[in-house]
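Visitor: Each chain is listed here by its residues.
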Amino acid sequence: MANAQQNYFELFGLEPNFFIDKKDLSSKLKRLLQSAHPDRHTQGGSQQQMLAMQKTTRLNDAFAVLKDPVKRAQYLLQLVKNIDTTQDHTVNDAEFLMQQLELREELDTITKQKNASELMSFADKIEAMAEQQEAELGRLFEHEPWDLDALKISIYKLQFLHKTLRDIELAEDTLLD
Amino acid sequence: MALLQISEPGQSTRAHHHRLAAGIDLGTTNSLIATVRSGEAATLPDPEGRHTLPSVVHYKSDGEVVVGHEAKSRQAVEPGNVISSIKRLLGRGLADMDKIKEFSANTLVESDSGMPGVVLNNGIQKNPVEVSSDILRALASRAEEALGGELGGVVITVPAYFDEAQRQATKDSAQLAGLKVLRLLNEPTAAAVAYGLDSGSEGIHAIYDLGGGTFDISILRLEKGVFEVLATGGDSALGGDDFDRAIGQYLVEQAKVDSDDRRAHQLAMIKAREVKEALTDTDSVEVNFFDWQGEMSRAQIEEIIAPIVDKTLLSCRRTLKDAGVKVDEVDKVVMVGGSTRVPLVREKVEQYFKVPPLTDIDPDKVVAIGAAIQANVLIGNKSDDDMLLLDVIPLSLGVETMGGLCEKIIPRNTPIPIAKAQEFTTFKDGQTAMAIHVVQGERELVEDCRSLARFELRGIPPMVAGAARIRVTYQLDADGLLQVMAEETTSGVKTDITVKPSYGLNDEQITDMLKSSFSHAEGDMEARMLREQKVEAARVIEAVSAALNENGKELLNDEEYAAIQSALEQLNETAQGDSAKAIEDALEYVEKSTNEFANRRMDASIAKALVGHEVDEIDEI
Chain A
1 MANAQQNYFE LFGLEPNFFI DKKDLSSKLK RLLQSAHPDR HTQGGSQQQM
51 LAMQKTTRLN DAFAVLKDPV KRAQYLLQLV KNIDTTQDHT VNDAEFLMQQ
101 LELREELDTI TKQKNASELM SFADKIEAMA EQQEAELGRL FEHEPWDLDA
151 LKISIYKLQF LHKTLRDIEL AEDTLLD
Chain B
1 MALLQISEPG QSTRAHHHRL AAGIDLGTTN SLIATVRSGE AATLPDPEGR
51 HTLPSVVHYK SDGEVVVGHE AKSRQAVEPG NVISSIKRLL GRGLADMDKI
101 KEFSANTLVE SDSGMPGVVL NNGIQKNPVE VSSDILRALA SRAEEALGGE
151 LGGVVITVPA YFDEAQRQAT KDSAQLAGLK VLRLLNEPTA AAVAYGLDSG
201 SEGIHAIYDL GGGTFDISIL RLEKGVFEVL ATGGDSALGG DDFDRAIGQY
251 LVEQAKVDSD DRRAHQLAMI KAREVKEALT DTDSVEVNFF DWQGEMSRAQ
301 IEEIIAPIVD KTLLSCRRTL KDAGVKVDEV DKVVMVGGST RVPLVREKVE
351 QYFKVPPLTD IDPDKVVAIG AAIQANVLIG NKSDDDMLLL DVIPLSLGVE
401 TMGGLCEKII PRNTPIPIAK AQEFTTFKDG QTAMAIHVVQ GERELVEDCR
451 SLARFELRGI PPMVAGAARI RVTYQLDADG LLQVMAEETT SGVKTDITVK
501 PSYGLNDEQI TDMLKSSFSH AEGDMEARML REQKVEAARV IEAVSAALNE
551 NGKELLNDEE YAAIQSALEQ LNETAQGDSA KAIEDALEYV EKSTNEFANR
601 RMDASIAKAL VGHEVDEIDE I
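Protein sequence lines, in the order shown, are assigned to chains A and B.
Numbering (our numbering) for the first sequence: 1 to 177.
Numbering (our numbering) for the second sequence: 1 to 621.
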C-alpha cells in the first residue's frame, strides 16, 4: 500500500483530514515498515530491495508531512483544493506583520544579551502561541466550506511561529558554545 | 532479482538450513567478529583464545600481509612498515590529516582517488580501503575457520557520526575483501540491540559510546522489537585518546622535556595510558617519567580530563533536544567503548542522566554482539522475528549554491531511507551539462562542511536558458549511502551522471582492484559465472512461478500474466545453454517483465500489514 497512486492519508488508511492522532500514526508507520523496510527484504533480489527502499522512502516522506501541522495543512489544501501554499507568502494582515517584527526584535535583543533564562521564557511564549495557532487552524478546517483565505493566513502564521522556534534553538546552541 | 516471497508472520515458509552470518566491529584500535550459534551471540576468539584483533597491519617486503597481534608487536621494531588506526583515514582526504597524529611513522601522499595513500618504508603504498579490507579479511577467515563454512553475509558497524564518505569507504573495504554486506549498522544501535534483546526492555534508551577516537550518543525508543533511533550526535574527533593526550601533556610539563621532542610525546602518551588504566582500580599511583618522579592521584587526573568529559555531555544535551526527549524521560543509559571504564565518565554520565548506566555486557564486545544478532536476522535465520531497526542520517545533506553557501536538502536525524527532489534550470542557451556539489554537515559555508562528491549531469537537451527543468533526486538508502538521479522533466530525458567522490573510489576503480586480484584465473572465472547464472536462473524461475501461483491471477490481467509466462519460458530455454551472457540477458528481461507484478505484490503485502493488525486489535477488544 506504499502505492505511488495513493495519497499520504490513504497510505496510512486514513481519510484526508487535518485532525490526526499522532500516536496512532506512528504505530501505523511501524506496522507498515515491518513489511516494507529493506531489512525485511534482504533475501530477495535487487529488484525487490529497490522496491522496498522506494516504498519505505515514500512512507517516511508521508509520515514527515502528516505529523507536522504546517506541512499537513499545506498538503491537504493541495490535495483537496489544488492550492499551493508552499510558495506564496504574501499576507495582508497588518496586525500580524507588526507582531512578527516585534517578536523578531525581541529574539534579537535576548540573543545579544545572551540571557538564557529570558530565552527559555521567550521559547515558552512562542510555543504557547503556536499551540493556539494550531488550534485555530483546526477550527478553520472543521468549518465547511473552507475559508481559503483565512486558512492560508493561518498556515502562514503557524509557519512563522515554527520558524521562530527553530531560530530560538539556534540561539540556544550559540549560548551553549 | 526475485519476486516478493511473502511469509505470514509467525510462520516460516520452509525449513531452510542455517546460513552463516557474522557481525563485525571494525574499530580504530581493535576489531572483533561475532556470530549467533544455537541462539547465543558471542564474539569469536583466535586459536590462542584472544577475542580482539588489533587493527594493525604489517606489510612485509615480500608481499605477505600480517594482521593483528603479530603486526602490533612488529610496530616497535619497524614502525615504518606497520599501519595502525587506519579507521581515522577511512573516507578522509589528505587535507583532513593535520589532526591525525597516529601516522607519524608513515608518510602520507595524495593518490588519484583523493584518498591519502600510506607509504611504507619498504616502498609499498596502501590506501585506507585496502588496509581496512585486509583487517576484514583476517576477521572473516577467523570466522570461517571457526564455523566451518563460507560467510553468507556480514553486518559491519560504523560510528553513528560517520559521514557518507566514511560509510562508503567501509562498504568498499568489505567489497574488496569479498564480503557481502547485509547492512552497515551504527555502533550505538548495535549496542542497543545487544542490550535490548537481552532484557526485552522497552522505553527510551541513551547509548553513550566513547571509544578511543570517537564519541557517539544515540537516543532510541524501543517498542515491541522496533528500535527507532530518534536522534544521534557526537564528535568524530573526540575519544579516550584525548584523555591520554591531556595526561601526557601534564607529564611532559612535569618532566620539563623539550616540547618539540616527538619521541618524548609518544612515550608520554603510552605512560599516560598506563596511569589512566592503573587509576581505574586504585586511588593513587607512583609515576616515573624521564627525570620526574611523583605520585598521581585519581582526583588529579580527573581534574585533567573533566573538560573532555563535559564536552561529551554537551553533545548529549544537544542530541536529546534533537530527539525531542527530556533528560528525565530517559529510562536506560547504555555504556559502550573502552573509555567508559574510566570512573569519572561513569560518574558524570550517571549524574547527568540521573540513572545508573548499564555496563553488564563487556563494553568492548557489545557492538560486535549486536551486529551479529542483526546479521542473523538479515540473513534469514530468524524470519518470524519482529526486530526492526529504524535509523537516521547523522549529518545534514546539502548542495553547494551560489557564493559557496550550503543549502540543506535533508536535515540531520531524518529517518532513512529517504529521498528529496530538487529542481534546477539552465542559465545559458543550449546548456547541456551542469555540476552539483554534494556536501554533508551543519554549517552554512560549504568550506566548513564535508565534501562528499561532485556530480556532473550531461545530456540535457539543448533549450533556451531557463526552459529546461532538471529534477535531481537524492536518495539515501538504509545504509546511509547516497545515490543521485536526474531527469529533464519537460522532455523526460534521463541525464547521465558521473560521480566523482571527493575522497574515495568510484565503481570502476573498485572493479579494477577486484579484477586484478582475480586476473590469473580468467578461465575459472568464466566457468564460475556460467554456473552462478544457471543457479540464479533456477532460483528466479522457482520464485516467479510460486508468485504467479499465489496471486498472479488476482493482481495481473491475462495479457500481463501471459507476458511473464513467456519471459519465464524463454529464460528456462536459455538456461539450458552454455552462454552466461545470454542467461544474464534473459534474467534481465524477466526482471523487466515482472517489475510491475513485484510492485503490486509488495503493495498488497504492505496493505495487509496495516489491515491485519487492525483486525487483531479489534479481537483484543
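For the record, the hints were derived by calculation from the structure and aren't laboratory data.
One or more hints might be untrue.
Stated by the list, open to error - Each computed DSSO-like pair below joins lysine-lysine, with the alpha-carbon atoms no more than 27 Å apart: (1) A/Lys-67 x B/Lys-420; (2) B/Lys-420 x A/Lys-152; (3) B/Lys-311 x B/Lys-180; (4) B/Lys-494 x B/Lys-408; (5) A/Lys-71 x A/Lys-152; (6) B/Lys-180 x A/Lys-163; (7) A/Lys-163 x A/Lys-81; (8) A/Lys-81 x A/Lys-125; (9) B/Lys-608 x A/Lys-23; (10) B/Lys-428 x A/Lys-67; (11) A/Lys-23 x B/Lys-494; (12) B/Lys-326 x A/Lys-114; (13) B/Lys-348 x A/Lys-163; (14) A/Lys-112 x B/Lys-224; (15) B/Lys-494 x B/Lys-428; (16) B/Lys-321 x A/Lys-67; (17) B/Lys-224 x A/Lys-163; (18) A/Lys-112 x B/Lys-180.
What the hints assert, rightly or not - Which stretches of chain A does chain B cover? Using the computed rule of at least three CB atoms under 8 Å from a CB of chain B, they are: (19) 107 to 114; (20) 127 to 136.
Even for Gly, the Cβ is constructed at its ideal location relative to N, Cα and C.
Visitor: Next, verify each hint and record whether it holds.
Guide: Hints and how they fare:
Taken as a hint, the A/Lys-67 and B/Lys-420 pair is honoured in the structure, with Cα atoms around 18 Å apart against an allowance of 27 Å. For the suggested pair B/Lys-420 and A/Lys-152, the alpha carbons sit about 25 Å apart, so the restraint of at most 27 Å is met. Pair hint B/Lys-311 plus B/Lys-180 does not hold up; C-alpha atoms about 37 Å apart against a cutoff of 27 Å. For the proposed pair B/Lys-494 and B/Lys-408, the alpha carbon gap of about 24 Å is at most 27 Å, so the pair holds.
Restraint check: the Cα-Cα separation between A/Lys-71 and A/Lys-152 comes to about 12 Å, which is no more than 27 Å; the hinted pair holds. Proximity of B/Lys-180 to A/Lys-163 is assessed by CA-CA distance (about 44 Å); at most 27 Å being required, the pair is judged violated. In summary, the hint linking A/Lys-163 to A/Lys-81 is supported, as the alpha carbons are separated by about 25 Å, within the 27 Å threshold. Of the supplied pair hints, the one linking A/Lys-81 and A/Lys-125 is violated, its CA atoms being roughly 33 Å apart against a limit of 27 Å.
Taking the CA atoms of B/Lys-608 and A/Lys-23, the gap is near 20 Å; set against the 27 Å cutoff, the hint holds. About 41 Å separates the Cα atoms of B/Lys-428 and A/Lys-67, which puts this hinted pair outside 27 Å; it is violated. Under the criterion of a C-alpha separation no larger than 27 Å, the hint pairing A/Lys-23 with B/Lys-494 is inconsistent with the structure, at around 40 Å. Distance check on the hinted pair: B/Lys-326 and A/Lys-114 sit about 23 Å apart at the alpha-carbon level, within 27 Å; holds.
Annotation: proposed proximity of B/Lys-348 to A/Lys-163 is violated, straight-line Cα distance about 34 Å (limit 27 Å). For the suggested pair A/Lys-112 and B/Lys-224, the alpha carbons sit about 46 Å apart, so the restraint of at most 27 Å is broken. Between B/Lys-494 and B/Lys-428, the direct Cα distance comes to roughly 20 Å. Compliance with the 27 Å bound is thereby established for this hinted pair. Proposed proximity of B/Lys-321 and A/Lys-67 is supported: the alpha carbons are some 18 Å apart, at most 27 Å.
Under the criterion of a C-alpha separation no larger than 27 Å, the hint pairing B/Lys-224 with A/Lys-163 is inconsistent with the structure, at around 34 Å. For the suggested pair A/Lys-112 and B/Lys-180, the alpha carbons sit about 54 Å apart, so the restraint of at most 27 Å is broken. Chain B is given as covering the region 107 to 114 of chain A, and this is violated because 0 residues of the stretch bring a CB closer than 8 Å to a CB of that chain, at least three being needed. For a cut-off of 8 Å, the count of residues in the region 127 to 136 of chain A with a CB near a CB of chain B stands at 0, and the three-residue condition is violated.
The structure fails to meet hints 3, 6, 8, 10, 11, 13, 14, 17, 18, 19 and 20 from the earlier list, while all remaining hints are met.
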